[in-house]
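Just so you know, we're using the numbering used here here: the sequence shown kicks off at 1 and counts up by one.
The set of hints was computed from the structure by calculation and includes no laboratory data. Quantities reported herein were computed from a predicted structural model and do not represent experimental measurements. Keep in mind that the hints are not guaranteed to be accurate.
Label-pair restraints from in silico Cβ distances [claimed, not checked]:
{"hint": "1", "residue 1": "ARG24", "residue 2": "ARG81", "range": "27 to 37 Å"}
{"hint": "2", "residue 1": "PRO95", "residue 2": "GLY40", "range": "30 to 40 Å"}
{"hint": "3", "residue 1": "ARG24", "residue 2": "LYS78", "range": "17 to 27 Å"}
{"hint": "4", "residue 1": "ALA96", "residue 2": "GLY40", "range": "29 to 39 Å"}
{"hint": "5", "residue 1": "GLN34", "residue 2": "ASP77", "range": "15 to 25 Å"}
{"hint": "6", "residue 1": "GLN34", "residue 2": "ARG82", "range": "19 to 29 Å"}
{"hint": "7", "residue 1": "ARG39", "residue 2": "ALA96", "range": "13 to 23 Å"}
{"hint": "8", "residue 1": "ARG104", "residue 2": "ASP79", "range": "27 to 37 Å"}
{"hint": "9", "residue 1": "ILE85", "residue 2": "PRO60", "range": "25 to 35 Å"}
{"hint": "10", "residue 1": "GLU54", "residue 2": "GLN34", "range": "14 to 24 Å"}
Where is the CB? At the ideal position from N, CA and C, for every residue including glycine.
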Amino acid sequence: MGCGHWLRTCLLLLVVLALAGCERAPDRLAREAQAALARGDTDVARGKLALIVEGYPDHPRAAEARYWRAEIARTIDKDVRRAQIDYQGLIRRFPASPFALRAR
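Throw the hints in and build the complete structure from the sequences for me.
This is the structure we're talking about:
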């Protein structure tokens, strides 16, 4: 095995590992947001949810993140306009999601 082949193999492995980590990031962020909400830290939860929505807009967790961000806006912040924006974005982007059904 030549040095070039070994280097390509290592680079491919690094790319695969990096992509695998990216796939799990929305799940990790969602768990962190749920934990923050459970302890009443809505600022942290809101930030984690925003990272999902903005960083992974096509990931299935983005539907859930939009829903919970809207719920925080509606129930805690009393910001109905902000909640409507997230609900509408959720319904438009993920119309078949169970969260879209809740948002209607």
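Here is how each hint holds up against the structure:
1. ARG24 / ARG81: 27 to 37 Å: holds (33 Å)
2. PRO95 / GLY40: 30 to 40 Å: holds (32 Å)
3. ARG24 / LYS78: 17 to 27 Å: violated (34 Å)
4. ALA96 / GLY40: 29 to 39 Å: holds (32 Å)
5. GLN34 / ASP77: 15 to 25 Å: Check passed, 18 Å falls within 15 to 25 Å.
6. GLN34 / ARG82: 19 to 29 Å: This hint holds: roughly 20 Å between Cβ atoms.
7. ARG39 / ALA96: 13 to 23 Å: Between ARG39 and ALA96, where Cβ atoms are some 32 Å apart, the hint is violated.
8. ARG104 / ASP79: 27 to 37 Å: violated (19 Å)
9. ILE85 / PRO60: 25 to 35 Å: violated (20 Å)
10. GLU54 / GLN34: 14 to 24 Å: For GLN34 against GLU54, whose Cβ atoms are near 18 Å apart, the range 14 to 24 Å holds.
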